[in-house]
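Undergrad: Take a look at the letters that make up each chain.
Protein chains: 2
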Amino acid sequence: MATIRDVAKLAGVSVATVSRVLNQNGYVNKETEKRVKQAIEQLNYKPNEVARTLFKKTSRTIGLIVPDISNPFFPELVRAVEDVMNIYDYTVILCNSDEKGEKEKEYIDILKQRYVDGIILTTNQLTIGEVSKIDVPVVVLDRPLDHSLPSVIANNYEGARMATRHLYDIGCRRIAHIQGPLHVVNAVERFNGYRDEMKELGLWDEQLVFLGDYNLKLAKEVTLHALQTLSIDGIFAGNDVMAVGALKAAQQLDLDVPNDVAIIGYDNIPLSEMTTPELSTVSQPIYQMGAMAARLLVKKIEGQSIEQSQHKLPVQLIQRKSTMRE
Amino acid sequence: MATIRDVAKLAGVSVATVSRVLNQNGYVNKETEKRVKQAIEQLNYKPNEVARTLFKKTSRTIGLIVPDISNPFFPELVRAVEDVMNIYDYTVILCNSDEKGEKEKEYIDILKQRYVDGIILTTNQLTIGEVSKIDVPVVVLDRPLDHSLPSVIANNYEGARMATRHLYDIGCRRIAHIQGPLHVVNAVERFNGYRDEMKELGLWDEQLVFLGDYNLKLAKEVTLHALQTLSIDGIFAGNDVMAVGALKAAQQLDLDVPNDVAIIGYDNIPLSEMTTPELSTVSQPIYQMGAMAARLLVKKIEGQSIEQSQHKLPVQLIQRKSTMRE
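Here the protein sequences line up with chains A and B, keeping their order. Using the working numbering, you'd call the opening residue of the first sequence number 23 and step up by one each time. Using the working numbering, you'd call the opening residue of the second sequence number 23 and step up by one each time.
Hint data in this document are derived by calculation from the structure and do not stem from the laboratory. Don't take each hint at face value.
Because identical chains share one entry, a pair is satisfied inside a single copy or across any pair of copies.
Derived SDA-like pairs (lysine to any residue); straight-line CA-CA distance at most 20 Å [to be verified]:
id, residue 1, residue 2
1, Lys127, Asn66
2, Lys68, Asp157
3, Lys321, Asp120
4, Lys68, Glu124
5, Lys125, Asn108
6, Lys122, Tyr190
7, Lys127, Asp105
8, Lys122, Asn237
9, Lys321, Gly224
10, Lys52, Ser36
11, Lys127, Ile156
12, Lys155, His247
13, Lys134, Leu44
14, Lys322, Pro166
None of the values given here were measured: they were computed from a predicted structure.
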């Protein structure tokens with residue numbers, strides 16, 4: 023493999039000159055730069071990335087901390103981050119934190135030891151004080167933390183109002199909500215949207231709210247209980263995974279979806295089109311969110327000015343068979 | 023932040039001695055080692071990982087190349103690799119190759135420039151010659167390449183025979199197969215298992231084989247076509263995603279699953295339990311496969327002896343409602 027010395031020799035310049043060209047610092051005249059670049063190309067010289075890292079304290083690597091890649095919301099998000107980072111020549115270290123603050127802190131330490139150039143966080147176990155101390159560029163994705171940090175989120179509150187209103191519009195009057203984990207901000211925002219819409223419709227009843235924890239099995243259990251003990255004609259589940267649980271509960275009780283009970287989820291993950299009946303849902307632009315966070319992070323790393331650092335993306339109601347009444 | 027000099031000063035030794043303790047090479051007496059370790063702990067000293075990388079040509083990072091993390095088979099596999107690597111204090115760089123040989127080669131170059139300690143490949147676009155040249159420890163996961171490389175795969179051929187035989191056992195006689203991509207080894211192995219079982223049963227008919235390319239929509243289309251033009255009473259889909267496509271086609275034609283047409287998939291991804299009826303399938307131990315590949319790679323990196331380097335894990339038939347006839 024060619025070394026920096028080979029390049030210098032072929033170009034007829036010093037090693038220091040080649041280094042200046044590579045790192046784009048210090049003066050090098052145009053003609054010399056051209057000769058060095060030709061030599062690099064001719065020899066297929068690849069600079070030692072680790073040495074460059076040490077010199078520049080950069081690794082062309084970023085860290086991406088997600089709660090759990092096997093939660094079906096995250097693969098598409100991770101894919102988008104990796105696609106965009108690949109375009110800008112960064113690699114992505116993936117970390118699963120399981121929503122545990124300790125594990126997040128540990129990963130952040132490890133990532134800093136690897137000199138990552140930036141971190142994308144899809145978490146909210148850390149306080150804003152802890153995140154501010156991270157000391158490399160950070161972008162927050164999916165879960166807002168604080169206005170001082172660049173972030174990309176979708177409009178959870180509005181989406182939840184739309185879903186609730188949609189159930190009302192097709193005739194539902196006893197609309198239950200299956201809620202995500204109470205410590206996850208987007209779950210709370212969706213609950214708030216549901217509650218405010220129900221209040222505005224004059225239908226608010228706190229007995230209609232059940233904790234499903236973004237978990238299919240738990241959502242199925244609480245729905246079975248709810249359908250057997252209360253008269254319910256509509257269910258707004260805080261995510262699609264829980265909506266599948268609700269659907270399974272209704273089917274186990276031989277109820278017709280949507281005519282006995284209509285169901286709508288949230289996220290529009292591929293799963294929502296795979297059930298029978300297919301699930302109505304609120305579509306988050308998942309890929310777009312990941313791609314936008316990645317581009318924001320590149321801009322921050324490269325010191326470019328960021329015109330707008332808080333992005334709240336619109337969501338969209340998708341009506342499918344689970345809310346199409348005859 | 024504490025430096026190596028601070029540690030040396032506190033322990034009353036030279037920087038070179040601290041370095042020998044850190045890198046565990048050269049002689050250091052027990053008492054001195056103890057003092058150095060106490061100083062490291064007391065100062066909460068974190069060795070500069072990048073400098074260590076340069077010195078030792080190691081980064082405590084591995085590369086994991088998958089076709090596409092948003093394919094529902096891979097999140098659990100990736101999660102398993104990351105969990106095990108985290109235990110051994112390695113981080114994981116995730117790469118999506120889209121089954122493109124060029125992209126795989128490009129990623130391997132990038133990973134080598136980052137001095138990864140090893141690579142896990144879940145791909146077969148590269149030839150064994152190309153993989154042998156990689157020059158860092160490699161473990162092949164899910165897709166066998168060659169007996170000279172450590173690998174973890176599941177027994178695709180046997181699994182396919184079991185699935186086909188199961189459809190026969192519940193009374194199916196015209197059993198179609200929806201096949202995965204022809205260039206993917208596990209898809210070919212599953213086809214071979216189906217074909218050999220059908221031959222043994224005296225039911226082989228090449229007209230009953232359709233290309234679904236591991237794609238839900240294509241699988242749905244070919245199933246619609248097959249159900250409308252041929253008399254078919256059973257379908258073995260080469261993976262669960264295609265089985266969902268087949269199920270949707272049957273439901274669109276108002277056929278009863280399993281009584282008009284029984285359907286079985288392959289993989290046992292979470293999705294297979296989310297449909298109605300739930301899908302029978304052949305269960306691959308996905309998490310176990312990822313974890314085993316990760317442990318094999320750690321052993322290779324650390325130069326430990328590997329007793330067995332070829333692992334073919336058993337699979338299991340899971341019967342659910344899509345093949346439970348009345």
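Undergrad: Check each numbered hint against the structure and report the violated ones by number, ascending.
TA: 3, 6, 9, 12
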